[in-house]
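2 protein chains.
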Amino acid sequence: MAGKVFFSVSMSLDGFVAPESLEELMGPQWMELHAWMFPLRFFRENLKFGESGEEGPDNDIARETFERTGVSVMGKRMFDAGEQMWPEEAPFHTPVFVVTHEKRDPWERPGGTTFHFVNDGIEAALDQARATAGDRDIRIAGGGVTIVQYLNAGLVDEFSIALSPLLFGAGVRLFEGVDASRVALELVRSEQWSRVTHLTYAAHRKARRRSTRISV
Amino acid sequence: MAGKVFFSVSMSLDGFVAPESLEELMGPQWMELHAWMFPLRFFRENLKFGESGEEGPDNDIARETFERTGVSVMGKRMFDAGEQMWPEEAPFHTPVFVVTHEKRDPWERPGGTTFHFVNDGIEAALDQARATAGDRDIRIAGGGVTIVQYLNAGLVDEFSIALSPLLFGAGVRLFEGVDASRVALELVRSEQWSRVTHLTYAAHRKARRRSTRISV
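Residue numbers (my numbering), protein chains in the order written: chain R, 1 to 216; chain L, 217 to 432.
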């Protein structure tokens, strides 16, 4: 039985997940957004920085997000940016399905990451991911546009946001283009261990517009 | 000694505090955004709906926000909308300074709310508010544009957001136009008692662009 479809991102308080241009992608704003992760033992181990780093609840969250993931799905923009940035041993260690118009043979990296290029849309990519994930979960890795496509199609079961006390002012918004009339959210949990707030929501298809009334 | 300058709003997960048009202001999205408040005993008492309603931590937060407020400041858009909507006994019960180009005599309402119309900008309005607040705090009541003006001017000490598990998709964004290069945030606390997440941040003037590095 395949697991859940989820995404997990770090978001600024004003709703951004990345700077506007790919040139700034690893710039100071992005670095500050993800600064909570860099000291973590899991993060450093996964990128082969060594077996040192902070343990504790934030580290557990990062590790759990990784370990639950049987397969990842990502958009073309994220792949193109990552292809330039990831170390040779890309930090996924699972199959990764890339939604793209580019036809390309699978690209196998050392460490268990293989990128498969899917040319027939988000649902086909998810079908292939499901067939591969086993009983582990499927992570929609990003970017924002791809996440919103899956969200609007009703294909996301839940998601986590590491909300940073940070303002971007401009950039790529996580929820840009979301169809609010179709996506209902339910807060599953909120956890605060350091300067970021970890929020987990379940996503549902909205049956109809709900209206709330004040009863007097 | 005057107290802190703060704001306190309910925000959707995608960053909105109000619908785009004034016609929808009390529509279903706004109602759902504020739905956490409607059952509260404090809310119902303050609007004279009767002395019934839910007590508990959410109610304590709503009551504390009210009780700390010695004076409110608001923009013209919020006042114009409110003038149509508030009951005769407007729910502030303090002096309210309205930043506007309109020249108008103070407008006194039963129950202790008096609106004063200030024509010379946000700093002048805040000076008048400080002179009136005593040792209580000054609330920038809204709307979003006015809040961001005060934030960008470095005049906000702290703020609270009741983050709702809700997507607007469109509307008035809380942080639209914020100058991210000048405003630094620090998370003071995060509390979860019901379906909304109460986040409190301290705001500081950013001295310089911080850069974060991964040390390898």
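A hint or two may mislead.
[As the list claims (entries may be wrong)] Each pair of labels, with its calculated beta carbon distance range: (1) R68/R / G272/L: 48 to 56 Å; (2) L238/L / A153/R: 47 to 55 Å; (3) E20/R / H420/L: 40 to 48 Å; (4) P307/L / R130/R: 17 to 25 Å; (5) G243/L / A202/R: 23 to 31 Å; (6) R421/L / D127/R: 47 to 55 Å; (7) D373/L / W107/R: 47 to 55 Å; (8) G27/R / E402/L: 45 to 53 Å; (9) G370/L / L22/R: 30 to 38 Å; (10) D127/R / R411/L: 27 to 35 Å; (11) G328/L / R195/R: 33 to 41 Å; (12) E45/R / Q300/L: 53 to 61 Å.
Everything labelled a hint here was simulated from the structure, so no lab data went into it.
Note that the Cβ used here is the ideal one computed from N, Cα and C, for glycine as well.
### Query
Which hints, by number, does the structure contradict?
Violated hints: 1, 2, 3, 4, 8; rest satisfied.
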